[in-house]
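S.K.: Line by line, the protein sequences give chains B and F. Heads up, the first sequence is in my numbering, so the first residue is 18 and it goes up one at a time. Heads up, the second sequence is in my numbering, so the first residue is 18 and it goes up one at a time.
Everything labelled a hint here was simulated from the structure, so no lab data went into it. Hints are supplied without guarantee of correctness; some may be wrong.
Which copy? The list can't say, so a pair holds if one copy fits it or any two copies do.
Unchecked claim - DSBU-like, lysine-lysine: derived pairs with alpha carbons at most 30 Å apart:
{"hint": "1", "residue 1": "Lys95", "residue 2": "Lys83"}
{"hint": "2", "residue 1": "Lys127", "residue 2": "Lys95"}
{"hint": "3", "residue 1": "Lys83", "residue 2": "Lys73"}
{"hint": "4", "residue 1": "Lys95", "residue 2": "Lys73"}
{"hint": "5", "residue 1": "Lys127", "residue 2": "Lys83"}
It should be emphasised that the depicted structure is a prediction, and the values quoted were computed from it without experimental measurement.
Number of protein chains: 2
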Amino acid sequence: MSDMTSHADAPRSPGRPRSTRADEAIIDATLDLLAEGTTVEALSIEAIASRAGVGKATIYRRWPGKDALLRDALSILKGVPPEPAGRSVRDDLVLLLGTVGRNADPRAEKIMPCLLPEVNRTRDRYELYQGVIEPRRARLREVLHRGVRTGELRADLDIELALALLTGPMLIQRVLRWHPELDDTVLPERVVDAVLEGIRAR
Amino acid sequence: MSDMTSHADAPRSPGRPRSTRADEAIIDATLDLLAEGTTVEALSIEAIASRAGVGKATIYRRWPGKDALLRDALSILKGVPPEPAGRSVRDDLVLLLGTVGRNADPRAEKIMPCLLPEVNRTRDRYELYQGVIEPRRARLREVLHRGVRTGELRADLDIELALALLTGPMLIQRVLRWHPELDDTVLPERVVDAVLEGIRAR
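Just chain B, same shape as in the assembly (with noise of 0.2 Å):
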């Protein structure tokens, strides 16, 4: 929450009192819009606001515009990463990857995959989206550098191809279930030990 409280704090409106719940209510509004099948594109402050029970007014007070609240709400949605022990590279890269398709919020997995064509389109909505998984993959990376300095991985690993190779069957699986059969709880130690076994230094 901590993006949106620095929005109320932001000295827009000086002797306004800020208003968590209204804040509260405008992202609440603005994830289900989204969940119910409205897109970015037609997403409006108009709806967002008369949703939240709020005027515009109090929208533009808190947000320049749609996209910096569409981040927020995002943001929001995707929650905050897990902070890993740093011991071990394989115990963190399973707890980084047991977080990867799920969401604190159902609403995530409506609004997540849908987003992907309206996002790609342009230039603007990829960075706005990039920038709401960024924090989850910045961690994983830190985590892969680390294991590079420390020798438990290859001294030549391409990170960027590590982190597809980690995340990508996860999202198959917990986005995509491709296999329902398949354990869920031991899939993050699976795909780690079988990812490893390949970029492990030997």
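The hints should help you fit chain F onto chain B, whose structure is shown.
M.R.: Here is chain F on its own, set in the frame of chain B:
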């Protein structure tokens, strides 16, 4: 187009000439509506008939209902997977991975990601979707089984996990476009080689 033709060939209305042009218009209208954002739920035979410029009866003569038409339309959208040469497991995997996230029809990019939340909602739709992507998976699975038999791959290989390890990174890159600067033409080779290092018999 073989599914479509076999529908048209089915002796439902003896004496009526089969109309390949009508079949194509119906499939095309279905895909157009989906690509424009019509949900599977909202998709109606009426709307498809109207868009295709045919009567509803023309559709019902060829398909028993919306789901059967949807399955044919999506199968045509996905296209037929390539035939592997059958010499090297590595080369066959590279060939097959080249088609992951690639579809002859540009409407696939808009239709496929958005289908996920909907098809995951009911068992019937989930199975419909799985049926559409199964031919590609089946071909990959055959190559992996062959690799185990020939000793090119580990004897204890988990085929379903290997499928996810191979296709997941391709989808991440080609559908989610994590790294726009990554050279897409060498991606299948790089993914296959990275995954093989983990699953290849030593």
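S.K.: Please go over all the hints and tell whether each is borne out by the structure.
M.R.: Now for the hints, and whether the structure bears them out:
1. Taking CA atoms no more than 30 Å apart as the test, lysine 95 paired with lysine 83 passes inside one copy only; the shortest distance there is 18 Å, against 34 Å between copies.
2. Both within a single protomer and between protomers do lysine 127 and lysine 95 lie at most 30 Å apart by alpha-carbon distance, with minima of 12 Å and 22 Å respectively.
3. In this assembly of identical chains, the alpha carbons of lysine 83 and lysine 73 lie at most 30 Å apart only when taken from the same copy (11 Å versus 41 Å across copies).
4. For the identical chains of this complex, lysine 95 and lysine 73 are intra-copy neighbours only, at 25 Å inside a copy versus 43 Å across copies, given an alpha-carbon limit of 30 Å.
5. Taking the shortest Cα distances, lysine 127 and lysine 83 sit within 30 Å of each other both inside one copy (20 Å) and across copies (22 Å).
Of the numbered hints given earlier, the model fails none.
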